[in-house]
Amino acid sequence: MINILIAILSTVGALAILFASIGILRMPDFYLRLSVTVKAATLGIGLFLLCTAILFPDISVTTKAIAISFFLILTTPVAAHMIGRAAYKSGTPKWKGTVLDDLEKDYKNREDLQGIAKPETPEDSTIDPKK
Amino acid sequence: MMKHFLMNLLLSFIWVALTGSMYYSNFLFGFLLGFFILWIMNRNEDDQRYFFRVPKIISFLFYFLYEMIAANLQVAYDVITPKYFFKPGIVKYPMKARTDLEINLLSTIISMTPGTLILDVSEDKTTLYIHVMYLKDKDQFIAQMENGIEKKLLELLR
Chain D
1 MINILIAILS TVGALAILFA SIGILRMPDF YLRLSVTVKA ATLGIGLFLL CTAILFPDIS
61 VTTKAIAISF FLILTTPVAA HMIGRAAYKS GTPKWKGTVL DDLEKDYKNR EDLQGIAKPE
121 TPEDSTIDPK K
Chain Y
1 MMKHFLMNLL LSFIWVALTG SMYYSNFLFG FLLGFFILWI MNRNEDDQRY FFRVPKIISF
61 LFYFLYEMIA ANLQVAYDVI TPKYFFKPGI VKYPMKARTD LEINLLSTII SMTPGTLILD
121 VSEDKTTLYI HVMYLKDKDQ FIAQMENGIE KKLLELLR
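Taken in order, these protein sequences are the chains called D and Y. Mapping to the UniProt record's numbering: the first sequence position 98 is 98, numbers consecutive. Mapping to the UniProt record's numbering: the second sequence position 9 is 9, numbers consecutive.
Just chain D, same shape as in the assembly (with noise of 0.2 Å):
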């Protein structure tokens, strides 16, 4: 019994992150494939340390594994959107799908941003910055 919910889990856990490396090389832009990639690795990583935890019936591997997942819950979103406001202040361009962005206008009006170089428009039409 304790075996086939292994399995379950641990297949499900790899299918998360086989999904996050091929929506790293099918997404179009930076934005997106920070996106799918954080989460799905993490629900990949946390369902393989729920299975540490049901297979070893030892009260240290439980405890070791209640804290990685804990802090990994904690800190991912942290370096997700550091690595996202790093980007869209450097001007890494979006894709051309890319229906709003509000963030654009409000960034116009500071003038401590002022100073920050704008993106050159990359040569291949594949990712077009929208104007």
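Since the hints were made in silico from the structure, they are not lab data. Check each hint, because a few of them may be wrong.
Using 35 Å as the maximum straight-line C-alpha spacing, the simulated DSBU-like pairs for lysine-lysine come out as follows [to be verified]:
(1) D/LYS108 <-> Y/LYS56
(2) Y/LYS151 <-> Y/LYS92
(3) D/LYS89 <-> Y/LYS3
(4) Y/LYS92 <-> D/LYS89
(5) Y/LYS136 <-> D/LYS96
Away from chain Y, derived, C-beta distances all over 10 Å, residues of chain D [stated by the list, open to error]:
(6) ASN3
(7) LEU5
(8) PHE19
(9) PHE48
Beta carbons are placed, not taken as given, at the ideal position from N, Cα and C, and that holds for glycine.
Mind docking chain Y on chain D? Use the hints.
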């Protein structure tokens, strides 16, 4: 509020010490037992918040897990099918959360839900800039966030 939580912890440790087996299941059982004992003892007191908050926290965890799995499935479907279904956009979201703890928890939860990602918090801590993968309608998205996750979270914290 805090007093009740500490009393509950103390009662569950006493239960663990008396039964003599330090397993999670045993600790949880002791916690539940202590919770009900405290509830019965404090029926006539004014401060009943703790006893409503613990079930709310548990139901919020399950709600969050459900949201996360459902959104993950949608993103996974979009990744493996050849056509792109998404309409990305950056939405300015005026939040009701005010203190640092509320903003931190809200942005963590939004970032952990697939399809949404925090890009920036404004200087005066009143708005979040959220990168959304499936943006059908801006006002609809804002209303959905306000009535769903943020309302449930602020109910817990306030």
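Structure-based check of each hint:
Annotation: proposed proximity of D/LYS108 to Y/LYS56 is violated, straight-line Cα distance about 42 Å (limit 35 Å). Proximity of Y/LYS151 to Y/LYS92 is assessed by CA-CA distance (about 18 Å); at most 35 Å being required, the pair is judged to hold. Under the criterion of a C-alpha separation no larger than 35 Å, the hint pairing D/LYS89 with Y/LYS3 is inconsistent with the structure, at around 46 Å. For the hint linking Y/LYS92 to D/LYS89, the alpha-carbon distance of about 16 Å falls within 35 Å, and the restraint holds.
Restraint check for Y/LYS136 and D/LYS96: satisfied, since their Cα atoms lie roughly 16 Å apart, inside the 35 Å limit. Listed as outside the interface, D/ASN3 is consistent with that label: its C-beta sits roughly 20 Å from the nearest C-beta of chain Y, beyond the 10 Å cut-off. Chain Y leaves D/LEU5 outside its interface by the beta-carbon criterion, the shortest separation being 16 Å against a cut-off of 10 Å. With a least beta-carbon separation of about 5 Å from chain Y, D/PHE19 fails to lie farther than 10 Å from that chain, contradicting its non-interface assignment.
The non-interface label for D/PHE48 is consistent with chain Y: the shortest C-beta to C-beta separation is roughly 15 Å, beyond 10 Å.
When the structure is compared with the earlier hints, violations turn up for hints 1, 3, 8 and for no others.
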